[in-house]
Amino acid sequence: MAGWPAAAAATGYVGRGGPPPDTYDGRMSFLRRRSSSTPTGPDFDVLAMDPGDWPGSLGAALLAGPDGSCQGIFLRYDLFGGRGPAMLIGNLPEGSAAREVEEGDVPFEVTQLLAALENDEPVHEVEREDTPVMHGDNLLIVQRIKVSEGRVACAQFDRSDGVRVTIATWDRPITDDLYQLLKPLPAEMFQQS
Numbered sequence: 054m055a056g057w058p059a060a061a062a063a064t065g066y067v068g069r070g071g072p073p074p075d076t077y078d079g080r081m082s083f084l085r086r087r088s089s090s091t092p093t094g095p096d097f098d099v100l101a102m103d104p105g106d107w108p109g110s111l112g113a114a115l116l117a118g119p120d121g122s123c124q125g126i127f128l129r130y131d132l133f134g135g136r137g138p139a140m141l142i143g144n145l146p147e148g149s150a151a152r153e154v155e156e157g158d159v160p161f162e163v164t165q166l167l168a169a170l171e172n173d174e175p176v177h178e179v180e181r182e183d184t185p186v187m188h189g190d191n192l193l194i195v196q197r198i199k200v201s202e203g204r205v206a207c208a209q210f211d212r213s214d215g216v217r218v219t220i221a222t223w224d225r226p227i228t229d230d231l232y233q234l235l236k237p238l239p240a241e242m243f244q245q246s
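Under our numbering, the letters of the sequence shown match residues 54 to 246, in that order.
Note that these hints are calculated values from the structure, not bench results. Worth double-checking, as some hints may not be accurate.
Quick list of the computed label-pair ranges, beta carbon to beta carbon [said to hold, decoys possible]: (1) 184 with 214: 35 to 41 Å; (2) 119 with 203: 21 to 27 Å; (3) 106 with 157: 32 to 38 Å; (4) 150 with 173: 30 to 36 Å; (5) 158 with 224: 17 to 23 Å.
Positions of the beta carbon are idealized from the N, C-alpha and C atoms, including for glycine.
Using the sequences and the hints, build the whole thing.
As structure tokens, this is what we get:
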């Protein structure tokens with residue numbers, strides 16, 4: 054699974070469109086067998102765009118910790134027609150090693166999006182700006198993260214349960230409308246059997 058961390062075990066495709074075409078050399082191919090150290094899934098709801106709201110292919114991957122705990126769920130939204138990934142949304146619980154980045158480094162989700170795009174140019178954080186955004190009846194304080202690769206947009210916020218949500222997009226802005234499309238998807242949706 055090039056482009057995903059070595060510890061990430063995939064849970065399978067959800068949503069419309071089936072798996073992306075084979076143009077990614079198995080980048081989003083999903084493991085069918087599960088080792089004993091791979092968790093069956095998250096113990097938290099995943100805040101993301103509903104599969105029915107995305108006009109393309111959607112894949113999900115689970116990031117497993119060394120102790121077998123779920124360290125995060127990542128959803129990759131691909132465009133139809135083999136045109137590649139457009140957006141990646143990560144949900145990382147407190148204590149996830151993927152949340153720990155050095156100062157000036159970009160969030161984990163940005164590195165994963167760029168790896169999926171086979172873009173290996175060095176990228177760093179330029180600035181962060183806090184922005185209030187409404188999500189339903191709740192006010193979110195979203196950190197808009199500007200990175201040195203101008204075609205990447207990134208936003209990050211912490212949920213009330215401590216799960217950090219990061220959205221990284223390629224060649225498209227993150228608008229306030231996107232936050233209205235985010236829904237809590239039940240943990241059971243991402244369980245492995």
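Hint check results:
1. Roughly 21 Å separates the CB atoms of residue 184 and residue 214, a value that falls outside the hinted 35 to 41 Å.
2. Between residue 119 and residue 203 the beta carbons are some 36 Å apart, a value that contradicts the proposed interval 21 to 27 Å.
3. At about 34 Å, the beta-carbon gap between residue 106 and residue 157 stays in the expected band of 32 to 38 Å.
4. At about 22 Å, the beta-carbon gap between residue 150 and residue 173 misses the expected band of 30 to 36 Å.
5. Our hint of 17 to 23 Å for residue 158 and residue 224 holds, since their Cβ atoms are close to 22 Å apart.
Violation of the numbered hints given earlier is confined to hints 1, 2, 4; the remaining hints are satisfied by the structure.
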